[in-house]
Amino acid sequence: MKKILALLLTLTLLIGVLTGCGTSSSQAPSEQNVEQNAETETPKKDKVVLGVVLIDMTNQFFVDMIEGGNKAAEDYGCEVIWKSADGSFDNQISLIENFIEQGVDCILVDPLDSEGLRPTIEKASAAGIPTITMAGKVDVDTNYTTVYNDLENTRIVAEMTAKMIDEEGTVALLYGNKGNLVSDLRQQGYHEGMSKYPNINIVEQPTNWDPPTGMKAAQDIIAANPDLKALHCVSDAVTLAAYQAIKTAGKEDQIIVTSYDGNEDAIKAVEAGQFACTVLTGAKKTGYWNIQIGYMLANGIRPKEHILNLDTHLVLTDENKAKFEEWKIADNVSIISPTEALKRTEMYREELYDPNILNK
Amino acid sequence: MNPVLSKRLNSEKVNLEKAMPLIILISLLLILSLLKRDFLSLQTFINLMQQISAVGVVSIGAMFVIISGGIDFTAGYGLAMIGMAAGHVYSRSIFQGSVLAVILTFIGVGALLGLANGLLITKLKILPFIATLAMMSLAQGLSLMIDGGTMIMFSDSPILFIGQGRIVNIIPVSFIVYLLVCIAADTILKKTKLGIYTYALGGNEPAAWYAGIKVDNYKILVYIVAGICTGIGSLLTVSKIAMATPSIYGTTLIDAIAATCIGGTSMSGGKGTVFGTFIGSIIIILIGTALTYLKIPAEMQDVFKGVVILLAIASDAIVTKRYN
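Chains as they are written, first to last, in the working numbering: chain A, 11 to 370; chain B, 9 to 332.
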């Protein structure tokens with residue numbers, strides 16, 4: 011018995027150490043923590059409480075988004091409860107219903123299916139809770155949609171790629187998964203951009219937003235298409251893994267890599283010439299921005315427009331920027347250099363924070 | 009029945025059962041190369057060797073547990089959690105950049121995870137299904153807590169040699185690691201007490217207990233072996249993609265268990281071989297590669313995968329039933 015006790019004690023201790031070193035260096039709440047908060051504490055009425063339902067918490071984009079969102083919560087002194095639907099639409103609905111029952115002040119959701127979510131959003135509206143659907147439009151009076159233009163951005167990236175490979179050859183697209191709105195938009199944008207060039211052939215594979223799956227897909231595509239000229243992937247974390255496949259195949263010079271999201275490592279890859287471009291939406295900024303709007307809605311402010319746009323930037327080296335302008339693919343696109351992009355990924359707080367936000 | 013005939017039939021059955029995974033693999037290869045002539049190229053084999061290693065090692069661990077009559081669901085999120093822990097050691101601890109410390113973290117945290125599973129199952133008498141499911145959730149939570157779940161890049165680390173390096177420009181280092189794990193596992197199963205008792209546990213646990221085997225201790229050891237395999241699997245994954253993030257679990261767990269099944273390991277325990285699991289892993293990876301080569305649309309991919317796995321298991325069951 012003593013032995014067992016000793017073993018169990020060691021185990022608890024070790025797990026404790028492990029968790030300890032995690033929480034000390036981070037502010038992102040774990041699911042467990044969050045759930046406890048949600049169940050044991052009834053939200054205090056004097057503090058604004060926002061409930062967020064994400065698709066998945068393990069993806070790098072959402073991890074960054076939570077970090078940014080928590081900064082906003084800190085700045086405005088509100089409480090944010092983060093929940094993960096673990097990719098399931100059923101979970102998403104029940105999590106929102108829980109938030110309605112809990113009586114939070116605003117619910118933010120990254121919808122897995124915008125149309126299907128409508129009845130649940132109406133329920134929230136009836137309970138007097140304003141909602142934000144991120145990247146998916148739901149037509150309910152108290153609902154606001156926060157978006158950035160994934161479709162148009164990806165279309166521009168695709169056209170730029172087409173020009174870079176002289177408008178012919180095989181290109182690869184690694185998307186997230188079918189039925190996911192963000193993935194679908196980015197996939198559609200890429201196809202639209204390439205549709206103008208009949209000599210370009212697209213091969214595509216799903217990755218489930220998961221780096222190892224993305225790397226295997228890239229490896230197989232490269233083996234199956236030895237003359238592959240370009241690869242686009244809808245999310246930076248996966249692109250970085252796919253790039254490892256290109257590197258091990260020794261095809262860095264042959265394949266043009268483009269990406270999306272604008273995380274730091276991807277921006278550095280653009281700077282080093284490994285990626286031709288990425289799009290800076292900025293996950294942290296997206297998180298901050300959404301919580302900020304949620305905070306405004308919770309305080310009774312109702313913006314006139316129901317669709318709110320976050321500005322995005324194409325990250326290109328000066329050399330590629332010059333070419334891009336020469337090709338005249340699109341006007342009024344904000345193009346920034348990697349150095350500028352790196353600065354911006356950290357500056358989102360200064361950029362967005364507004365102490366007088368409630369007086370507007 | 010004539011005893012001589014019965015004996016002959018019996019040995020034929022054993023042979024066929026053992027050869028089944030190989031027959032499936034060869035038929036799959038034949039069909040694929042008929043459908044797409046350039047499928048069987050050197051590049052396909054290099055890719056296969058690199059892609060199989062992580063899933064292969066994890067499936068060896070899964071095989072140990074399944075032979076012993078248990079099941080282990082921690083391999084998926086465990087892979088991610090171990091990767092994040094190693095990433096923390098690599099980038100943010102006092103051992104920053106130390107290759108040895110990072111590798112020890114992979115194996116150590118893996119072993120710890122296995123130990124926790126083993127203790128829950130033997131000392132608290134929780135069913136393996138429930139215990140490892142709970143640990144899976146715990147591992148997922150932990151993977152998000154370590155450094156806030158932020159992606160850690162392993163750029164220019166010597167560790168990348170394990171996942172990306174090649175010997176004489178052909179054989180991936182990760183494949184050699186996988187082969188070593190296979191040889192070690194085969195030796196353990198055939199030559200050591202732990203191996204023999206693993207089969208005994210899955211075959212008939214009460215009998216093993218009556219025979220005086222310290223059932224609990226060996227069960228814990230089996231889960232530790234599985235944990236170490238998860239740790240090595242995590243090392244191979246992280247060093248291959250040059251990053252650790254909480255989302256690296258992918259389909260590893262499902263693939264590993266499927267590979268074990270296809271390889272002829274009995275889900276009710278007591279039966280299974282390293283060779284079978286090895287072939288099973290090749291089949292699983294080949295299915296994935298075939299999806300890309302044959303340009304099968306995304307909507308059909310999971311269906312295709314499911315059908316091949318079902319066919320493999322069904323043909324095995326049919327053969328077994330016929331001889332019984």
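Simulated from the structure, these hints should not be mistaken for lab results.
Be a bit skeptical, because a hint or two may be false.
[Claimed, not checked] For lysine-lysine, the following DSSO-like pairs were computed, each having C-alpha atoms within a straight-line distance of at most 30 Å: (1) 188(A) with 303(B); (2) 188(A) with 44(B); (3) 257(A) with 131(B); (4) 257(A) with 303(B); (5) 188(A) with 313(B); (6) 201(B) with 257(A); (7) 44(B) with 261(A); (8) 201(B) with 131(B); (9) 261(A) with 131(B); (10) 131(B) with 206(A).
[Claimed, not checked] Some chain A residues well away from chain B (every beta-carbon gap over 10 Å; in silico): (11) 73; (12) 220; (13) 225; (14) 227; (15) 247; (16) 343; (17) 360.
Virtual Cβ for every residue (Gly too), placed ideally from N, Cα, C.
**Asked** What are the numbers of the hints that this structure violates, sorted from low to high?
**Response** Those not satisfied are hints 3, 6, 9, 10, 11, 12, 13, 14, 15.
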